[in-house]
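Trainee: The lines below spell out each chain.
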Amino acid sequence: MASPLEQFAIQNLSAPLFSIGGHHIAVTNSAVFMMASVVAASGLLMAGASKGAMVPGRIQAMSELFYEFIANMIRDNVGSAGKKYFPFIFSLFIFTLFGNVLGMIPYGFTFTSHIAVTFFMAMIVFLGVTLIGLFKHGLHFFSLFFPHGAPLFTAPILIPIELVSYLSRPISLSVRLFANMTVGHVLLKVLAGFVVALGIFGVVPLAVLVAITALELLVAVLQAYIFTILCCIYLNDALHLH
Amino acid sequence: MAEDDRKTASDDLDRRLKGVRQAYEAGTGRSSKPTNRGAGSEKLGVGMRIAVEMVAGVVAGAFIGLMADYWLGTKPWLLIVGFILGCCAAFLNVYRVAQAEERRSKAASEVKKS
Numbered sequence: 001m002a003s004p005l006e007q008f009a010i011q012n013l014s015a016p017l018f019s020i021g022g023h024h025i026a027v028t029n030s031a032v033f034m035m036a037s038v039v040a041a042s043g044l045l046m047a048g049a050s051k052g053a054m055v056p057g058r059i060q061a062m063s064e065l066f067y068e069f070i071a072n073m074i075r076d077n078v079g080s081a082g083k084k085y086f087p088f089i090f091s092l093f094i095f096t097l098f099g100n101v102l103g104m105i106p107y108g109f110t111f112t113s114h115i116a117v118t119f120f121m122a123m124i125v126f127l128g129v130t131l132i133g134l135f136k137h138g139l140h141f142f143s144l145f146f147p148h149g150a151p152l153f154t155a156p157i158l159i160p161i162e163l164v165s166y167l168s169r170p171i172s173l174s175v176r177l178f179a180n181m182t183v184g185h186v187l188l189k190v191l192a193g194f195v196v197a198l199g200i201f202g203v204v205p206l207a208v209l210v211a212i213t214a215l216e217l218l219v220a221v222l223q224a225y226i227f228t229i230l231c232c233i234y235l236n237d238a239l240h241l242h
Numbered sequence: 001m002a003e004d005d006r007k008t009a010s011d012d013l014d015r016r017l018k019g020v021r022q023a024y025e026a027g028t029g030r031s032s033k034p035t036n037r038g039a040g041s042e043k044l045g046v047g048m049r050i051a052v053e054m055v056a057g058v059v060a061g062a063f064i065g066l067m068a069d070y071w072l073g074t075k076p077w078l079l080i081v082g083f084i085l086g087c088c089a090a091f092l093n094v095y096r097v098a099q100a101e102e103r104r105s106k107a108a109s110e111v112k113k114s
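These protein sequences, in sequence, are chains G and B.
Per our numbering, the first sequence starts with residue 1, numbered consecutively.
Per our numbering, the second sequence starts with residue 1, numbered consecutively.
In isolation and in its complexed conformation, chain G is listed as follows (with noise of 0.2 Å):
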């Protein structure tokens, strides 16, 4: 039996192209994966974008949709202050969609289930969200630190807590997103193995493989939509402070 973390392995498809600091820099099968993501993104919303009808097509109606839920996000949870920084929010969130769903595909790879790529996103938007705040606000940026109306002799233990708890956020957005992806595609692995080992009894795994694809195809939305809403939660803690 194939061993359940396998999926997961980095591979070259090419010859190192060049080298940063001693490091082979190759084509990766998660370089390609994240190549087809963004190709399948955009050749979508260009579909969708190139008609123009006024009643929707498919296509059409399937881009709107996006373009609108993330217009919606970004309205309620910003306001109206977070209109500027919609491309790329909506680009963060298409990318994971687009990343965890074609993981989905047998034989293909999951880019977000690797703690690399998903902490480097999360310290992109976390760097950039504290960088807008501080820009904005200037040094009434720290006030984000200290609790409004919090008595002066608590701050010595309140301000440690708050910077930790602020330090925190790339972690819990990274490993969030990168642990539901692992823990689902090594589940799905477990089973099928347990198909393939139990002969004719493997119709039982079978039946709850198909379920858990389906679980799995739901938490591959649903945490492209959680790390987008974090995303637009930060970045509003950041411009009105609190």
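Think of the hints as simulated: they come from the structure by calculation, not from any bench.
Treat the hints loosely; a few may be bogus.
What the hints assert, rightly or not - Quick look at which bits of chain B chain G covers, simulated, 3 or more residues with Cβ under 8 Å:
id: 1; segment: 43-55
id: 2; segment: 60-70
id: 3; segment: 81-90
Glycine is no exception: its CB is placed at the ideal position from the N, C-alpha and C atoms.
Following the hints, put chain B in place on chain G, whose structure we already have.
Mentor: Leaving out everything else, chain B in the frame of chain G:
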């Protein structure tokens, strides 16, 4: 002229859509607006958020403490302090998620009532 035709056509379409929607709502006795679509999966999302939030705070605190220890050579005191702060931060985060969720569900139920 063509512009005019287009405008009346779209107005007409709007009116017909409205009529159909009203007929549907009157017939089935429920709003066609998706008010609580995906409510179950949203709950699932909140549960996952809380679970990860509990871990992330502790990890962040302990990591900062450990790094500060290496830097200042005060093993293991800052790790302990960082761990405790991380636990507090994790509880604070969980509390905030729960609070936001409660506020949201309260607002949603008020919308439903009115």
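Trainee: Against each hint, give a clear statement of whether it holds in the structure.
Mentor: How the hints compare with the structure:
no. : hint  : verdict
1   : 43-55 : holds (count 7)
2   : 60-70 : holds (count 3)
3   : 81-90 : holds (count 6)
The structure fails none of the hints (numbered hints given earlier).
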